[in-house]
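> If you want the building blocks of each chain, they are given just below.
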Amino acid sequence: MASVALRSVSKSFGHVPVINDVNLEIADGELVVFVGPSGCGKSTLLRLIAGLVPVGAGDVVIDGEVVTDIPASKRGIAFVFQSYALYPHMTIARNIGFALETLGLSRQEIDAKVAEVAVTLKIDHLLARRPRELSGGQRQRVAIGRALVRQPEVFLFDEPLSNLDSDLRMEMRMEIAKLHANLAATMIYVTHDQVEAMTLADRIVVLNKGCIEQIGTPQQLYHAPQNRFVAGFIGSPRMNFTAVSANVSGASCHLMGPGNLSLDVAITGPGVPAEIGVRPEALSIAAARQGKLTGTLERLEDLGHEHLAYVRIAPETAWSVRLPNSLARTALGTSIGLDWRFEDLFLFDKDGHRLDHSLSHERSAAANGALA
Amino acid sequence: MKTRLERREHRSGLLFVAPLIAVLILVAGWPLARTLYFSLTDAYLDDSANHVLVGFSNFVEVAGDPVWWRAVRNTLIFTTISVAIETVLGLAIALLVHQAIPGRGLVRAAILVPWAMPVVVSTKIWEWMLNDQFGVVNRAIVGLGFADHGVAWTANGSLLLGVVIFIDVWMTTPFMVLLILAGLQILPEEIFEAAEVDGIPWWKRLWSITLPLLAPTIGVAVLFRVLDALRMFDLAYVLAGANVNAMTMSIYARDRLINNQELGVGSAASTMVFLLIAFVAIFIVGALRLDRSGATER
Amino acid sequence: MSTRIKRRSGAYYRAMRRVRQIALGCVTALLLFYVLFPYYWAIVSSTKQGAQLYESVLLPALDFRHYKELFRDANFATSIFNSLCVAISTTALSLGLGTLAAYALGRLNFPERRSLLLTVLMISIFPQVVVLSGMFELIRWFGLYNRVWSLVFAYLIFTLPFTTWVLTSFIREFPRELEEAAIMDGCSHWRILTSILLPLMGPALVSTGLLAFILAWNEFLFALTFTLTEGSRTVPVAIGLLAGNSRYEYPFGPIMAASVTVTLPLIALVLFFQRKIVAGLTAGAVKG
Ligand SMILES: Nc1ncnc2c1ncn2[C@@H]1O[C@H](COP(=O)(O)OP(=O)(O)O)[C@@H](O)[C@H]1O
Ligand SMILES: [Mg+2]
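Protein chains in written order, with our numbering: chain A, 1 to 372; chain B, 1 to 298; chain C, 1 to 288.
The hints are simulated quantities; they were obtained by calculation from the structure and are not laboratory data.
C-beta: ideal position from N, C-alpha, C; glycine also.
Check each hint, because a few of them may be wrong.
Derived DEER-like restraints, expressed as beta-carbon distance ranges [unchecked claim]:
#1 C:Tyr-40 / B:Val-88: 23 to 29 Å
#2 C:Gly-186 / B:Ala-22: 33 to 39 Å
#3 C:Tyr-40 / A:Ser-135: 55 to 61 Å
#4 A:Asp-21 / B:Ala-215: 43 to 49 Å
#5 B:Leu-14 / A:Glu-171: 50 to 56 Å
#6 B:Gly-286 / C:Glu-55: 40 to 46 Å
#7 C:Tyr-40 / B:Ser-57: 22 to 28 Å
#8 B:Ala-215 / C:Glu-55: 32 to 38 Å
#9 A:Arg-129 / B:Trp-203: 54 to 60 Å
#10 C:Ile-183 / A:Thr-102: 28 to 34 Å
#11 B:Leu-76 / C:Tyr-40: 53 to 59 Å
#12 B:Gly-286 / A:Gln-108: 35 to 41 Å
#13 A:Glu-171 / C:Ser-115: 46 to 52 Å
#14 A:Ser-135 / C:Gly-186: 24 to 30 Å
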């Protein structure tokens, strides 16, 4: 088993920088997920670790050993590709056992290992077939089997589930989680799907434009995003934002914004708020002029288990609200209020950094009074 | 039941291909039929209208001519060896050019140069370079101390076929390279990356992955080359005229037909060339088919 | 539990990569030499006179007398003109007929399509010597013997199937949605071809045309057989039959000058249109 570390790793293709000075420590046995928008460099970072792409600067360390110059074939890792990358002309059995053929094992040993892995992944009935005769989910299992059979120190997955439909994806997600629990191997998993990230990860690395925005457990990223990018990226539907103007006097700060926003907050650190954010699930509906924000109800979506309401608070800004029950009795176009608890409010300065704040005194007193 | 639309499409389809069919009948169908016909007559070129049918006696005459069999042997040796070398060399060069080598664009363009040259020109240039007294090749051999005096490349009958093969390899390997390179470029790269990460050494990647996946492309390229080599005329003719050491089947047929004016016998020889090539074509196509269907069934 | 992989230090692999790079560079240089030296040597030899020619000096002497003689020679100029006429006419004709047929073969559905494609492919691999006698008779019939136009006629046997085949592969690559709107509007197939596909086919026509041109320019057997006098020869035949008085006076200087001259436009075309030529060559073979 092995730890993985990146030390000031950078990479450019031609003159285009793709990875900028990434530092990362991954503990032995940890499952770390890289998320980020498409094109942000997730695959490139993974391929740097694998050795499929030579690093531009910095070092890759596996199990305490600098492997920057070691070729991919000698790094003791396994890679599961988005396209599965199965050998189309070989049977499933040979696909899985192919890597073992060069290790000097006997035919029987190879067959035994292949059979064992196939049973684990429930593909033992497919061993005589060829990849094109398999469904997407089965091919995915074969690709994972090919990685498993080598008993590598580190598993790398590049969006392994993105070509599957949603049912299969959920099933395979659980399968991978189970594998990780059983093997206790180090795994690095790339996805753009935040549900996968939130459910699988011990820690998540949020990437944006080749830089790490934040590293943390799923809960840390959700409850304490360090910046506007992470706040907007984690969570679905995404966090609602609106620009505000701030009037600072000492530690307290008065915020004004669209939808009759008028709010006192106490900033506990340096920085001036330029934007606020509230997650859709933290919002509740109040009567018009009763909440902290006022807008017009524009659209309702009934998803069965939840209900989404879109409330326009400014000509160019609509907030989404996630509700446990229907607002069907409220007519579209009605003016309604939006409310939230103070701890659900996120503040960002003009560079997107999140600011810490505590409850404003009068307001919190009033809230306590109301509760009492 | 055919719909009106289908009928219309059928009619316009035939209309569009009508000129093609007409021209092909004129330049291919009719001459081929006449060749087959003449092969059964005793016609001479200077007075082709004046002839009688003689059955298969022309074929018997050709089959009894040791020079014909020499030409067949030369052609088969030439085809086998040159296509084999071209395939191996073409594969090697294609694999090389597929790598990230310095000046890849330049190499790709340069490879086209021998292919684009007229065969006559390439042959003349090599004939000059291989000239026994003043050729640069012999000068280099003597100058570098490999031999005391130059080799009579083109004057020595036993070397002639080898020289023909050598020049042909120089001229046509580019074609192989281009086809194999195109085949390489459509293979998914991730398969090779998967093999690399899995620690498969390069020779096993080449043998167990690249070659099997490239086999259909190589098969088609070999088919084209074999058929082209079997009808080879210009290279051997320019280098050696009707010298029996390098005479190909096409040279033999044309020699009988034009130089000896024997329209009947020449046509019979041509027909035999045609039959032999058709036979080889069917054989190779069959082999390729079998290979492909076998791959899908297993 | 895991099989420990044998591996060496990073420095070792760094050195190996370096060695590999150098080896690749050497092999590439060798390849370039193999491919380009003969033409270079033809250029060098063509600028040498008399005894210089026999000295194997690797640098050109830059004496252009052979070229001057070559261009003063009326027959050589005529041959070039003949070659140009034949190659251009053949290419134009085959592109025209080939485009028509390729549209039908690539786009329309009619029962004879498959067998026709197969016939076209078979004719393109035809041994030319097979039609020699029949073609000879036909050409004499038309009174074209020893005329350049006989070659335009004869060359169609290989350029037309070739252009048809390659253009068919190209046309199949175009997305069908392009014409679907036009079909809905009830446009005739002629309109679809001329006003929708043809404007898009420029690159394909250039690729195919270049290849057909090269094929026709380089042809030897028909040109040798169907022409007799110097005034109606094409360049390959003219060069092929350029000979001295005896084996020992072989005019290599003038031959090299002529070779360099006729190859230069081809090499220019090839280098300039490299991508197009490769596209044309592979369209027919790999995908088809
Ligand atoms: N081999 C390459 N050559 C040039 N640019 C590349 C290459 N691979 C990736 N890129 C570029 O690097 C950026 C990051 O790509 P990638 O790591 O694949 O993103 P992600 O996996 O996050 O979607 C993209 O802009 C992509 O265009
Ligand atoms: Mg990616």
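> State for each hint whether it applies.
Tested hints:
no., hint, verdict
1, C:Tyr-40 / B:Val-88: 23 to 29 Å, "holds, 26 Å"
2, C:Gly-186 / B:Ala-22: 33 to 39 Å, "violated, 29 Å"
3, C:Tyr-40 / A:Ser-135: 55 to 61 Å, "holds, 58 Å"
4, A:Asp-21 / B:Ala-215: 43 to 49 Å, "holds, 46 Å"
5, B:Leu-14 / A:Glu-171: 50 to 56 Å, "holds, 55 Å"
6, B:Gly-286 / C:Glu-55: 40 to 46 Å, "violated, 55 Å"
7, C:Tyr-40 / B:Ser-57: 22 to 28 Å, "violated, 53 Å"
8, B:Ala-215 / C:Glu-55: 32 to 38 Å, "violated, 49 Å"
9, A:Arg-129 / B:Trp-203: 54 to 60 Å, "violated, 28 Å"
10, C:Ile-183 / A:Thr-102: 28 to 34 Å, "violated, 56 Å"
11, B:Leu-76 / C:Tyr-40: 53 to 59 Å, "violated, 34 Å"
12, B:Gly-286 / A:Gln-108: 35 to 41 Å, "holds, 38 Å"
13, A:Glu-171 / C:Ser-115: 46 to 52 Å, "holds, 50 Å"
14, A:Ser-135 / C:Gly-186: 24 to 30 Å, "violated, 43 Å"
The structure fails to meet hints 2, 6, 7, 8, 9, 10, 11, 14 from the earlier list, while all remaining hints are met.
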